[in-house]
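Undergrad: Top to bottom, those sequences are chains A and B.
Counted the way my numbering counts, the first sequence spans residues 1 to 180.
Counted the way my numbering counts, the second sequence spans residues 1001 to 1424.
The set of hints was computed from the structure by calculation and includes no laboratory data.
Don't be surprised by glycine CBs; every beta carbon is placed ideally from N, CA and C.
Misleading hints may appear alongside valid ones.
[To be verified] With the C-beta cut set under 8 Å, the calculated list includes, among others, these residues of chain B facing chain A:
| no. | residue |
| --- | --- |
| 1 | ARG1050 |
| 2 | TRP1051 |
| 3 | ALA1154 |
| 4 | GLU1157 |
| 5 | LEU1198 |
| 6 | GLY1228 |
Here is how the chains run, residue by residue.
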Amino acid sequence: MSVRTIAGPVFAIAGPIDTDTIIKSRHCTTADPTALGRHCLAELDCSPAFVPGRYPVILCGDVFGIGSARVQAPLALAGAGVEAVLAPAFAPIFFETCLNGAHLLPLVWPRPVLPATGTAARLDLGSTEARLAIAGSTRGFTHGLPAWAIEGRTWMDFIAARAAAAGGLDRLRRRGLAER
Amino acid sequence: MAGLTLSHKILARAAGRTRVATGDHLICRVDRAMTYEPFAGELDRRFAARWGAETRVWDPDRLVLVVDHFLDAADPASADLRAAADRFARRMGLVHYYPPGAANHGVCHALMAEEGLVRPGELIVGSDSHSCTYGGFGAIGLGVGLEAIEGVLAVGECWLRVPPTVRIEIAGAFAPDVQAKDVILAIVRDLGFRRGLLGTGVELDGEAVQALHPEEKLTLANMAAEAGARWLVVPPNDEVAAWVAALADAPFEPLRPDRDAAYDAVYRYRGEDFVPVVARPHAPDAVVAVSDLPRTAFSEVYVGSCTGAKRFDLDCLADRLAALGGPAPGMRLLVVPATRKARDGLLSDPERAALFRRPGVELAAEPGCNACFGGHGFLAEAGAVRLSTTNRNFRGRMGSPEAEVYLASPARAAEAAARGALGR
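Here chain A stands alone, though its shape is the one from the complex (with noise of 0.2 Å):
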């Protein structure tokens, strides 16, 4: 059953990308997602080019997100309108700040297809798979996402979500957030 879903034109590159590609240091003087997201992407040698707003899916050919930890990065992807980015692999510490505040969905995606930038795809997913319905064809993955990032949630809303459930957070530290 589908949680969440996201449907629009591709943005496909083949990769490698780093977090010096989706956002230079020099536009790093803001943590507005607007501001960042007006400079996402934009001086990436490609045609046609990145243009904000415009596509909700990034597919990925190669590993996404290496280089500096660059807290900004995934605040200027989620800026400039993108919802998720499928990719073969992505640098650890990108993943994590990505999932932690809700900017985006990185998904693990073994074995890219790129279509041509701007086809039109949905992605539909479910709490531990997704499908990608793109170019008359529909593939599945699991996606392994945990789901409170799925339905959208920072690791922190989670947590507190957690703490309300439980009467405190002084509950929540002795019970633990696992459900063990």
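For this one, chain A is given, so just place chain B on it according to the hints.
TA: For chain B alone, coordinates are given in the frame of chain A:
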């Protein structure tokens, strides 16, 4: 059923499970967390806003707060960060707060190891990419972002997805001139990032590795970050267990991987495969053997950081430098001990102390990160050709983008300082 890797044993214990497997999502109870002054004020604000000004962190004895990055006393912004760290430590009643002036202080990772706060079998998170250093003592050191640390402060737990585990085994023995820095730079060159280690949990083991000094194992684990690995852990031998037992105030369980543990990948080397190397400008994986390096004259040598200025590193520098007759005329030798204890150790021997009072040698007054990340202190000027014992040499990181920075071991640093050059 196959045995467990060391990483899986540590994670299973932290997650309260009997087994874990690659790809599992875990919620883990951490044994310790480390953060520092660049984040202390922000964490303090976020914590108070969410949980109220009267709420303390999950366990004030398990949070280590260090002031090490911005120590330029003349800089108001640095003073503000320090003041915010002071307030946070006071408000939370932190036992392990290490500002300048504390009995021991300095670069967080070296300090943690010296203070007995890294113990085999533990899971330790840190808000710094080099938190992987703790793997040198048989712990998983997990570098995490601000939100993850915020969560740990609240509940003492973090989540992670179990990465593929990789074993690198080095049999035989290293040549006497080969140091941990040479070994890890070669691994970064061979296996770093897209060549195999990106996002993996690495176990580095074998006869050659286990013969290294405990602090050399910290150097190996430190540069897991440059290989793109999630962590690197060296299974603790008896020497490391005894080393830590002498420092720690609590017992620990030194876990080791099962003999039949199943890894996602295994790479095998022989100690004899390794030679002294340098990383050329401007990347840690631009690694070449010193014997293949065209003769390169250095204007300065920088010995500093959690990677290259621990007690072992400084002892090595002093011994080699003394044997080679001291620094070459005109050479600038810039020494930033990683910690106060390392600095005190260096100066406690009158002969060594005299070596570091020679013309051209500058010994930083405060241990800390200094120019390693380009914060302040001994920054590289335009045109400088610097040999550095640090871990990253990206263009402009240590100062001017027009400076050229080479990475190497403390032994090579001594040689470069004494001869003015390395290479053919």
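Undergrad: Give a verdict on every hint.
TA: Hints versus structure:
1. ARG1050: holds, 7 Å
2. TRP1051: Because about 6 Å separates TRP1051(B) from the closest Cβ in chain A, which is inside the 8 Å limit, the hint holds.
3. ALA1154: holds, 6 Å
4. GLU1157: Holds - the Cβ of GLU1157(B) comes within 8 Å of chain A, reaching about 5 Å at its closest.
5. LEU1198: Given a least distance of 6 Å, the restraint on LEU1198(B) holds.
6. GLY1228: holds, 7 Å
In terms of the numbered hints stated before, the structure departs from none.
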